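Asks: Spelled out, the chains give:
2 protein chains.
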Amino acid sequence: MKTSQRIVVIGGVACGPKAAARARRRDPSASITIIDEGSLVSYATCGLPYYVSGAVAKRSALLVRSVADFKNVASIDVLLQTRAEAIDRSAHRVHLVSAATGQTSTLEYDKLVIATGSGPVLPNIEGRQLGGIFSVKDVANADAILAWVTTAGVKKAVVVGAGLVGIEMAEVLMTRGLEVTVVEALGRLLPGALDEEISAILARQLGRKGLTLRLNERVLEFEGDEGRVRRVVTAGGTLDADIVIVAIGVRPNVALARAAGLSLGATGGIAVNEMLQTSDPDIYAGGDCVENTHLVSGAKVLAPMGSTANKHGRVIGTNVTGGRETFPGVLGTTVVKALDYHIGRTGLGEEAARAAGFDVVTALVPGSDRVTYYPGAHDILLKVIADARTGRLLGGQGMGRGDLVKRIDVLAAAITFGGTVDALANVDLGYAPPYNTPLDPLHSAANVVRNKMAGMAEGVTPAQVKAKLDAGEDFVLLDVRSQKEWGTWRLETPQVCLIPQDQLQQRLGELPKDKPIVTTCRAGARAYQAALALKGAGFRRVQFAEGSLIAWPYDCFGGERESI
Amino acid sequence: MKTSQRIVVIGGVACGPKAAARARRRDPSASITIIDEGSLVSYATCGLPYYVSGAVAKRSALLVRSVADFKNVASIDVLLQTRAEAIDRSAHRVHLVSAATGQTSTLEYDKLVIATGSGPVLPNIEGRQLGGIFSVKDVANADAILAWVTTAGVKKAVVVGAGLVGIEMAEVLMTRGLEVTVVEALGRLLPGALDEEISAILARQLGRKGLTLRLNERVLEFEGDEGRVRRVVTAGGTLDADIVIVAIGVRPNVALARAAGLSLGATGGIAVNEMLQTSDPDIYAGGDCVENTHLVSGAKVLAPMGSTANKHGRVIGTNVTGGRETFPGVLGTTVVKALDYHIGRTGLGEEAARAAGFDVVTALVPGSDRVTYYPGAHDILLKVIADARTGRLLGGQGMGRGDLVKRIDVLAAAITFGGTVDALANVDLGYAPPYNTPLDPLHSAANVVRNKMAGMAEGVTPAQVKAKLDAGEDFVLLDVRSQKEWGTWRLETPQVCLIPQDQLQQRLGELPKDKPIVTTCRAGARAYQAALALKGAGFRRVQFAEGSLIAWPYDCFGGERESI
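In the order they appear, the protein sequences are chains P and S.
Take the first sequence: its letter number 334 is residue 334 in this note's numbering, and every next letter is one higher.
Take the second sequence: its letter number 150 is residue 150 in this note's numbering, and every next letter is one higher.
Isolated chain P, as found in the complex (with noise of 0.2 Å):
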């Protein structure tokens, strides 16, 4: 008789308790252990920044599985404060340390799962230990946070990081009434996922909302009495500071697998293959831990999300009962709300793709996510990124108060299965008043890329124009909106003059032809129709504003501004 299959798990958060419900799914006789140094299994790490902003009431709603339903319910043993010390591969045995009692066991395995997860970044800069300086990492730690948010006295808090955790953060903070300032070392919010058209107008408008934002300046030190956190330190100055929150990245938890010898990558994250294998054939690895194939550029990323987690579990669980299952790779997709704002990106970048060696043609489409004569709609800005050869698709960003994350989805999926710009032009998405436009806002903006690639359309980003303006260059700013738009705002440099739309044909005669000319409107479509009446009557160097002017994330207008 076949003696059953030893299954062992080192991690009881997303990827691993996945891997085990899934083995066991496929493998009703295997035993089946998860290890955990923590005290909780199972919980949703994605959601403590709700937690802490009190959107999530219960904190029993973060817990999605207890000790007791692993066993009743799956026949799986979870042992919790245990500390996975060493993997005996030689043995097929892991070494473990009870947190509570510091007793040593050893627990003995055919198939191995690490599944360590990551760990916030902490900078090595004085003051650290001060109390009120949190990083987000678990349950306990979010109960911390939380208490620490609503003791009186607490109405300044820092951010530092404006990543992905950094910006909810700093929304959950704002949601509390707290007074927030985030700190970013790189010259953009959300630096790792957003270029800057999309990073720029979304500071903006958080700024306008009250969220103050210091770029471009590194922490040097946190300073306190107390024992407690009062001021932060940066290369620009002092910041008061009753709370402290630093989410300047996470780092894949190796420590157990590089003292075992297994494999790892440049990332600095476990090397496994596309079955989730490690470098020895019976242990697998999934979750933050381990490094990814980017599905675009090729390369080998971190992607340290709940999503890739769950889905290397199911993989892994597949895969350590004897089936074969496949992990393909991620698109580094990313979506985040802050305040009324939707942001989301997936693919590379325009920077990521030029850097990938990729000839890159871009389209920075505004556009309402539903028809505007549909109570509720709202606009949002998308950026596509494409291949200038092919057309195929690279990559989507954007923001927005609309429905952008439909979107993003939508090219997450396009990209994955090799959409080209033609193809995504002509995709049958589902269209009625409440939900878009007939003409998506993604199709609108794969035609841009079709018209800029067919030589039809030639646009200028707003940080082109930008610096045409601040250079002083002698161009015509043509400004095609009507005189009602524009009366409301504008953007007020010498350059700029106004012929509403349908005056154009007959007032060509001011525009000077020997002058390149910038076209703009509203959201760039009257723009790049003007654009192609202007060369159609001869005009040479013409350009419009993509974008145009809601798309505009600096200053220098006059008026009300409207914001995407």
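FYI, nobody ran anything at the bench for these hints, they're computed from the structure.
Take the hints with a grain of salt, since some may be wrong.
You can't tell identical chains apart in this list, so a pair holds if it fits in one copy or across any two.
[As the list claims (entries may be wrong)] The calculated lysine-lysine pairs, modelled on DSSO-like cross-linking and capped at a C-alpha distance of 27 Å, are:
1) LYS71 with LYS513
2) LYS71 with LYS484
3) LYS484 with LYS58
4) LYS71 with LYS452
None of the values given here were measured: they were computed from a predicted structure.
Fit chain S to the given chain P structure using the hints.
Replies: Below, chain S without anything else, positioned relative to chain P:
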């Protein structure tokens, strides 16, 4: 010198104006004329129901562009109240009649675009000329409905036809405070769009919200007095009616094309090639009046959608100006909002897929549109249809109060690009608590299909369970929810028994080994796990109820039922 190209477009809504505008952008010197027999150009047909409901407060919001706009901005001539009587193909000439004066004229073309759209099918029955009987067609018609609806004493409405427009109008009239009955000759709500499982639960839920639905009932006659409708006589009885909306479908307007000798397809639409060229190479056609290729079945289908019409317009605008662009086809994607419910479908339904010769595997999966601990989470019910041999995605549909439409759009993209369930299961969709669950309902649905293909999961649909119960079959319907859930509501049949999931291992002895067992729970996941546990324990004839109780559309349960 080359004379400018003469482009004539017949039809002033959606496809026609889009074709004209695109042609202008590509060819500044072409002479472009749009002809329409109505008195408005370029209005939002799809917005008409929401104009009647009052959601669109201003009539002008429906008007996309005016005649003056076309002239001043794009140098496009628009001739309204002008009917194209005949096309003289050999002379490249259209014969026109002015609706106002009866005067005739002719217009020569180099390229002609037929975008004559579609018109509502009207039942050829007694009383159809009575006042108060409307179809939804154009702005004038919507004005008339609005006037009638807001007349004192108009309280009861009958909508004939439970298709897309029928459901939209039923919602509109309910929000206007009318008592609404929908009469449908076929056996289900949205019969052309939804499979039985989705349609039945939608019907149930709309019924709970106050909509009366009479299926399998043909309308025989309209009765009235003083020239206005008072009653609708159906095969099942007589219904009082102060207003009747007839929405039994639309038919392509092809009289002009047919008279000109252009080829029509078997669907009744104008036959066109991928370039949307008719059988006459100088005549293009697009929008509701042509037939399309279905991208999954390859069959020719009618797809009267504003979204498709706009895409057609761009393709035609390119091709009539010397370009070469193709329109690949449609997926029949449909989305519609009905009260709190979002409904959608794309690709082939299960029946259509079988009819097209596919060996089909499906999954019926309820899920939460975002993590349940995040405020505002709502359920959706998803059905995915795939090819049983290859796992290729063939279609998907669903309903729910949660964000269903996003999932339909992702499926549309995946199907367009030839995606399989294996690939769908690992698509890197954006994950954050406000937007979805770590494994999106789409991932879960793909995994259920994979489990069924692998022989791990054996599902039965609600209809199949119902049939077993109705036939009094001897089997065990094993509910594995908690005692508390059971206390709230349950199926009340002799076959039902409760063994909560966490007691199942200990209480296996209570279950008969010789009878078939169907496991059920709230939404299917626990039922699936329980079925595997039973199989692992030696039970042979075990299936799980797909969608379980939350997807159960029938009566026969006790307590206050939970709804999707």
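Asks: Should LYS71 paired with LYS452 be assigned to within, between, both, or neither, using CA atoms and 27 Å as the limit?
Replies: Intra 59 Å, inter 26 Å, cutoff 27 Å: inter-copy only.
Asks: Give the relationship of LYS71 and LYS513 under a CA distance limit of 27 Å: within one copy only, between copies only, both, or neither.
Replies: Classified as between: cross-chain Cα gap 24 Å, same-chain 80 Å, threshold 27 Å.
Asks: Please sort LYS71 with LYS484 into within, between, both or neither, judging by C-alpha distance up to 27 Å.
Replies: For LYS71 and LYS484, the Cα distance is within 27 Å only across copies (20 Å; inside one copy 69 Å).
Asks: Given a CA cutoff of 27 Å, do LYS484 and LYS58 count as a within-copy pair, a between-copy pair, both, or neither?
Replies: Close across copies (19 Å), not inside one copy (51 Å); limit 27 Å.
This entry satisfies every hint, going by the numbered hints stated previously.
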